[in-house]
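Chains A and B, in that order, are what the protein sequence lines are. Read left to right, the first sequence gives residues 90 to 534 (my numbering). Read left to right, the second sequence gives residues 258 to 555 (my numbering).
Don't read these hints as lab results, they were simulated from the structure. Where hints are given, some of them may not hold.
Unchecked claim - To spell it out: a stretch of chain A is covered by chain B in this simulated footprint if at least three of its residues, at any positions, have a beta carbon under 8 angstroms from a beta carbon of chain B; those stretches are:
no., segment
1, 181-192
2, 282-296
Stated by the list, open to error - The calculated lysine-lysine pairs, modelled on DSS-like cross-linking and capped at a C-alpha distance of 30 angstroms, are:
no., chain 1, residue 1, chain 2, residue 2
3, A, K216, A, K153
4, B, K357, B, K304
5, B, K305, A, K350
6, A, K177, B, K305
7, B, K305, A, K283
Said to hold, decoys possible - Here's a subset of chain A near chain B, in silico, CB distances under 7 angstroms, partners left out:
no., residue
8, R217
9, E219
10, A511
11, T515
We put the beta carbon where it would ideally sit given N, CA and C, even for glycine.
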Amino acid sequence: MNKRSFILGLLVVASSVLSACGSGDNEEATAESSKNVTISLLHRYQESNIGKSPEDTAVLDGLKRFMEDYPNVEIIEEQLQNEDYSIKAQALAAADDMPDVFIVPGSWMTNFVDNEIVLPLNEELEKRPEWRDGYRAGTLDAGTREGQVYGIPIAAGPTHLIYYNDDLFGSIGYDQFPSTWPDLMDAGEKLADKGINLFSYGDKSKGYAMSSWISALTDRINGPQWTESILNGSGAQFTDDGFVHGISMMHELAKAGYLNKDLNSVDADTMVNYYFEGRSAAFVSGIWSAMNIVNNAPEGIAAGTRVAVFPGVEGGLGNPLSSSGGAGVYYSVNSGVEAGEKLDAIMTMLEYMTGSDSAKLMAEVGGFPAYDPGDFDTGKLHPVALAAYEASAAADATKIFDLWFDASIVEVLNTGIQGVMAGSRTPEQLAEETQQAYETFLNNP
Amino acid sequence: MGKALRPKGWVLLAYLLPGLIIYSFVVLVPIFAAFRDSFYSWTGGPKKTYISIENYKEILQDNVFWHSFLNNVLMTAYGLIGQVGFGFVFALLLMSKMVKLKGLHRTMSYFPSTLAPVIIAFLWMLIYNYNYGLLNAGLTKLGLDVLVQSWLDLTGPIVLLASIPLSWQNIGFFTLLMLAGLSSINKEVLEVAELDGATGIRKAWYIIIPLAKPTLVVASLLCIANNMRGFEHIYALTGGGPGNSSSVMALYAYETSFLRFRYGYGSALAIAIIALTMLLILLSTLALQRRDSKGGAY
Chain A
90 MNKRSFILGL
100 LVVASSVLSA
110 CGSGDNEEAT
120 AESSKNVTIS
130 LLHRYQESNI
140 GKSPEDTAVL
150 DGLKRFMEDY
160 PNVEIIEEQL
170 QNEDYSIKAQ
180 ALAAADDMPD
190 VFIVPGSWMT
200 NFVDNEIVLP
210 LNEELEKRPE
220 WRDGYRAGTL
230 DAGTREGQVY
240 GIPIAAGPTH
250 LIYYNDDLFG
260 SIGYDQFPST
270 WPDLMDAGEK
280 LADKGINLFS
290 YGDKSKGYAM
300 SSWISALTDR
310 INGPQWTESI
320 LNGSGAQFTD
330 DGFVHGISMM
340 HELAKAGYLN
350 KDLNSVDADT
360 MVNYYFEGRS
370 AAFVSGIWSA
380 MNIVNNAPEG
390 IAAGTRVAVF
400 PGVEGGLGNP
410 LSSSGGAGVY
420 YSVNSGVEAG
430 EKLDAIMTML
440 EYMTGSDSAK
450 LMAEVGGFPA
460 YDPGDFDTGK
470 LHPVALAAYE
480 ASAAADATKI
490 FDLWFDASIV
500 EVLNTGIQGV
510 MAGSRTPEQL
520 AEETQQAYET
530 FLNNP
Chain B
258 MGKALRPKGW
268 VLLAYLLPGL
278 IIYSFVVLVP
288 IFAAFRDSFY
298 SWTGGPKKTY
308 ISIENYKEIL
318 QDNVFWHSFL
328 NNVLMTAYGL
338 IGQVGFGFVF
348 ALLLMSKMVK
358 LKGLHRTMSY
368 FPSTLAPVII
378 AFLWMLIYNY
388 NYGLLNAGLT
398 KLGLDVLVQS
408 WLDLTGPIVL
418 LASIPLSWQN
428 IGFFTLLMLA
438 GLSSINKEVL
448 EVAELDGATG
458 IRKAWYIIIP
468 LAKPTLVVAS
478 LLCIANNMRG
488 FEHIYALTGG
498 GPGNSSSVMA
508 LYAYETSFLR
518 FRYGYGSALA
528 IAIIALTMLL
538 ILLSTLALQR
548 RDSKGGAY
């Protein structure tokens, strides 16, 4: 009995393994027979988000239109959740097994360019100048290295906007958002007396502080030259007064009790919920939160919500109306793709997904596309979404640190700021540690 | 087993072979690969630069790593008390005559072990939550408002707070393990002890613990190994935060590789974790064995 069942078992295992391999081959074979070109596409936009997220809606609509217009192109598409995407894409990159087209966040770009994972696209864009020149100023920058474009941006727009409850501020005597820091602290105190937090804040997933607070605050104080100097390695340091000052201002808000106590252990969704529940009078977030308010806020809250940016800082060198922003993520092409029919199809697909029509749609459903949509029908937009769009268009976008600084520096800052907000380390210590990571990075380019 | 029933050598080998092959592919090969990568400066692409033992030198000076290591050791200590210790006490209670509805208790205590770590972490996030959490609500009900905290934002006792869910989950497993060990103790020995007047704690201390020592040793080693490679609970519960205060070695290695793009250094960290864990297990095995030979319990 033993021998027979053993052989039978082996056969079952072997056949299932072999058939699994076989079926994959078959699929590809049939695809190739009916289609001329096959493009593999890995991204983080999802069917289930259509109608909820402007980016997902616009990109997937573009893809659908492309597939209708080009039936000869087979697209093997994989949609992943945001975090799953990061893990899978990095594992594939490490194994040198990337698909043809994929998404690259700005902070990965240097690494991917250095490792020759992504293809320079200048030549291809040269053939399509009208499309290339339609992008808003600066949105191609974080995807460009030494003049070569490696990534096509999707959405842009500020990562720093303040959504505030006009009624709550009105009840403490402010008919608009405080325009100076002393006023802001005063409002914080008056709100605290009523048991309401000035801002709700949620940095559990690390990165929120950097993209929505630190980049904008540091710019208010230091001006954009400081950021440039850090990026060029031409003298500026994280231990400079301005950077420490910005972190100290965040620390003071936490220490004074104007933020929610569980600021490090809740995520951005909970932060927004605290605002919806009236536990806080405002929250700082990017343009993506506008549609969240439109879709999910209680009616009274949505009607009373206005949009502002941080007030200017006394003696600050930066523009008090600016916001951190720019394009955050890019579509890149695998460096293994050779010029020809396939690359042509890929560029056309990207134009469908991120170009003019897609941009218009994204703006109409409340997003802020990297491609300038020109005039579009603003009538359909909710007042909050419109206010966020107008603030975005008016704001002088300054660089978002997490997209520009190297990932090793970003990680130290993201982790360290939690310690500062929890009160277990000082802003000076954080500046010191960041500077150390920065020097390590400069020494090993 | 009689000789006639024993399968032939090659049959045994054939049965083991699939497992062995899978094991070497998912465990041994990656370990060797990580060992090789640990000598390179590698940012995650096709380019690698050989840098000899630089990565290991860096580990020696890496404060965050050693802080994470201490957190692992602390978690192991909490685990030995919370998982093995309480598991043993629970097993003793389940053996004693005082406790009724033993089946129910056994099922209830084992239940958390069947849940995924991420679910456990989520559940405890809700318990610890500042505004809606069970813990704070309970404290308020008891009139202890002064103790109400945003628990997961405390940097001091965060490792203890993160260890409690871990113990809660694993206690059932260790209780079962102990029950199996305790049930192998000869009933007659226990009866004789009772006739001699040893009951309750005295019986446990003088009779049961010495006789259950082999089980306790195995359970302790399992617990040490589990806690040294802990990752999921911390990742889901605190993400190592606030700051680095609840970071553990595996989480730090993961962050170094996947968030900071330092795959070579991350590999070196992974090898360091294996080495430190093996060292700790070796030391504890030696310590436990020496006490055995001194006590001469068996």
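A quick look at each hint next to the structure:
1. Counting residues of the segment 181-192 of chain A whose CB lies closer than 8 angstroms to any CB of chain B gives 3, which reaches the minimum of 3, so the coverage claim holds.
2. Coverage of the segment 282-296 of chain A by chain B holds in this model, with 3 residues showing a Cβ closer than 8 angstroms to a Cβ of that chain against a need of three.
3. Proximity of K216 (chain A) to K153 (chain A) is assessed by CA-CA distance (about 24 angstroms); at most 30 angstroms being required, the pair is judged to hold.
4. As the CA atoms of K357 (chain B) and K304 (chain B) are separated by approximately 65 angstroms, the hinted pair breaks the 30 angstroms bound.
5. For the hint pairing K305 (chain B) with K350 (chain A), the CA-to-CA distance comes to about 45 angstroms; that exceeds 30 angstroms, so the pair is violated.
6. Proximity of K177 (chain A) to K305 (chain B) is assessed by CA-CA distance (about 20 angstroms); at most 30 angstroms being required, the pair is judged to hold.
7. Restraint check for K305 (chain B) and K283 (chain A): the C-alpha separation of about 58 angstroms exceeds 30 angstroms, so the hint is violated.
8. Taking 7 angstroms as the C-beta contact cut-off toward chain B, the hint placing R217 (chain A) at the interface is violated, the least distance being around 28 angstroms.
9. With 7 angstroms as the threshold, the beta carbon of E219 (chain A) stays out of range of chain B, its nearest partner Cβ sitting at about 33 angstroms, so the hint is violated.
10. Interface hint at A511 (chain A): satisfied, since its Cβ lies 4 angstroms from the closest Cβ of chain B, which is below the 7 angstroms cut-off.
11. Interface hint status for T515 (chain A): violated, as the beta-carbon distance to the closest one in chain B is roughly 12 angstroms, over 7 angstroms.
Consistency note: the structure conflicts with the earlier hints numbered 4, 5, 7, 8, 9, 11.
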